[in-house]
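Asks: Sequence:
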Amino acid sequence: MKYTTVIGVSFVDVKGYPKGKYVPDGRNLGKIETVEGGVARNIAENFAACDLPVRFVSLTDRSAFGVSVTEHLRGMGVDTRYIKEVPEGGIGMWMVVLNEAGDAAGQISMMPDTEPLLSLIDEAADRLMEEAESVILEIDLGEEIAERVIAAAERHGVPVYAIVGNLSVIERRPDLLFRTECIICNAVEFGKLFSADLRKNSPEEMVSFLQGIRHTDLPSVIVTLGARGSVTYDRRTGVYGIVPAEEVRVVDTSGAGDAFLSGVVMGRNHRITLTESAAIGTHLAALAIGTKNSAVPKNDDVHHLLRCFIREPAGIV
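All letters in the sequence shown, in the order written, are residues -11 to 305 by the working numbering.
The set of hints was computed from the structure by calculation and includes no laboratory data. Hints may contain errors.
[Stated by the list, open to error] The list that follows gives simulated cross-link-like pairs (lysine to aspartate or glutamate, DMTMM-like), each with its CA atoms no further than 20 angstroms apart:
#1 K9 - E21
#2 K(-10) - D39
#3 K(-10) - E118
#4 K188 - D91
#5 K286 - E59
#6 K9 - D91
#7 K(-10) - E121
#8 K19 - D91
#9 K19 - D39
#10 K188 - E177
#11 K72 - D39
#12 K72 - E142
#13 K72 - E21
#14 K7 - D91
#15 K(-10) - E142
#16 K(-10) - E21
#17 K(-10) - E119
#18 K19 - E88
#19 K286 - D67
#20 K(-10) - D114
#21 K180 - D205
#22 K(-10) - D67
Values in this document were obtained by computation on a predicted structure and should not be read as measured data.
Generate coordinates for the entire structure from the input sequences, incorporating the hints supplied.
Replies: Spelled out as structure tokens, the structure:
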């Protein structure tokens, strides 16, 4: 059996919800909830929620949270054999305050020590790639981890999709991102790669921008534009696409990007076009936005999921 292999770390998400309108410089009454999170962990759970084979390569520790994260994923059906336990510091922490609309008003994160993960990759990289259908890599884990994972994937012909976070690695080593199968990020992140302010670009303007840089060694690209949907560029076919966002009642937007990336890779694993894969990601993101959890609810099987986007075919430019 081939796995979608997700390489990254887990977090404890501490989320604050205001009661009424959020006042940035004032005291806000509300409620605080703690859930299991982390982009890579969320993505692994999203695949399991859709009953797709997924393996999580990560760290844990002996804390109550560490034990809970591993047990929860295993119960969901995630292959957890490559989650390495360390005595302490194996789980990160992310704190976010959401406003009355469910959008993040402020956030801060604490990364775990990833050195033990590097040793795990050194020991098991080729074995992992032999059993991988695709790899989803949290590229901000560090240059050494990213380099070794991508090199192993290249040796075995396995496509790599990067989770782009704070750009700490990419700003120093943009070549790593250009060795992946597809860049999937928002307009702010994509603009930083090319020293451009793309925050207000319409989908059509984003397509024009992509057409202007296609002479570079750019891999396939998906740029998300929030409520304006997303734009795709498939390097293999030269096709550009625009996918509209889905209307949904917003509860919590913090897991939307993770769900979107999950859906894109699911589609590509099933040999679906990049634009149609982005439509699957859009649907998964809508499911995630409608829940307080950091991952999508387990209520759609994969066959239904892959049919969802056919309601309105993705637009080709």
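Asks: If a hint holds in the structure, say so; if it doesn't, say that too.
Replies: Hint-by-hint comparison with the structure:
Of the supplied pair hints, the one linking K9 and E21 holds, its CA atoms being roughly 18 angstroms apart against a limit of 20 angstroms. The hinted pair formed by K(-10) and D39 meets the criterion: a straight-line CA distance of about 13 angstroms does not exceed 20 angstroms. Among the hinted pairs, K(-10) with E118 is consistent with the structure: their alpha-carbon atoms are about 8 angstroms apart, no more than 20 angstroms. Annotation: proposed proximity of K188 to D91 holds, straight-line Cα distance about 18 angstroms (limit 20 angstroms).
Between K286 and E59 the CA atoms are separated by roughly 17 angstroms; this keeps the pair inside 20 angstroms, and the hint holds. At most 20 angstroms may separate the alpha-carbon atoms for a hinted pair to count; K9 and D91 meet this at roughly 12 angstroms. Taking the CA atoms of K(-10) and E121, the gap is near 5 angstroms; set against the 20 angstroms cutoff, the hint holds. Restraint check: the Cα-Cα separation between K19 and D91 comes to about 15 angstroms, which is no more than 20 angstroms; the hinted pair holds.
The hinted pair formed by K19 and D39 fails the criterion: a straight-line CA distance of about 33 angstroms is larger than 20 angstroms. A C-alpha spacing of about 13 angstroms is found between K188 and E177, which places the hinted pair at or below 20 angstroms, so the restraint holds. In summary, the hint linking K72 to D39 is not supported, as the alpha carbons are separated by about 24 angstroms, beyond the 20 angstroms threshold. Distance hint between K72 and E142 is unfulfilled; the C-alpha atoms sit about 24 angstroms from each other, more than 20 angstroms.
At most 20 angstroms may separate the alpha-carbon atoms for a hinted pair to count; K72 and E21 exceed this at roughly 27 angstroms. This hinted pair checks out: K7 and D91 have alpha carbons roughly 14 angstroms apart, not beyond 20 angstroms. Annotation: proposed proximity of K(-10) to E142 holds, straight-line Cα distance about 17 angstroms (limit 20 angstroms). Distance check on the hinted pair: K(-10) and E21 sit about 36 angstroms apart at the alpha-carbon level, beyond 20 angstroms; violated.
The straight-line distance between the Cα atoms of K(-10) and E119 is roughly 5 angstroms, inside the 20 angstroms bound, and the hint therefore holds. Between K19 and E88 the CA atoms are separated by roughly 12 angstroms; this keeps the pair inside 20 angstroms, and the hint holds. Using a Cα cut-off of 20 angstroms, the hinted pair K286 and D67 holds, with the two alpha carbons roughly 17 angstroms apart. With a C-alpha separation of about 14 angstroms, the suggested pair K(-10) and D114 falls inside the 20 angstroms cut-off, and the hint holds.
For the proposed pair K180 and D205, the alpha carbon gap of about 17 angstroms is at most 20 angstroms, so the pair holds. Between K(-10) and D67, the direct Cα distance comes to roughly 11 angstroms. Compliance with the 20 angstroms bound is thereby established for this hinted pair.
Violated hints, in rising order: 9, 11, 12, 13, 16; the structure is consistent with all others.
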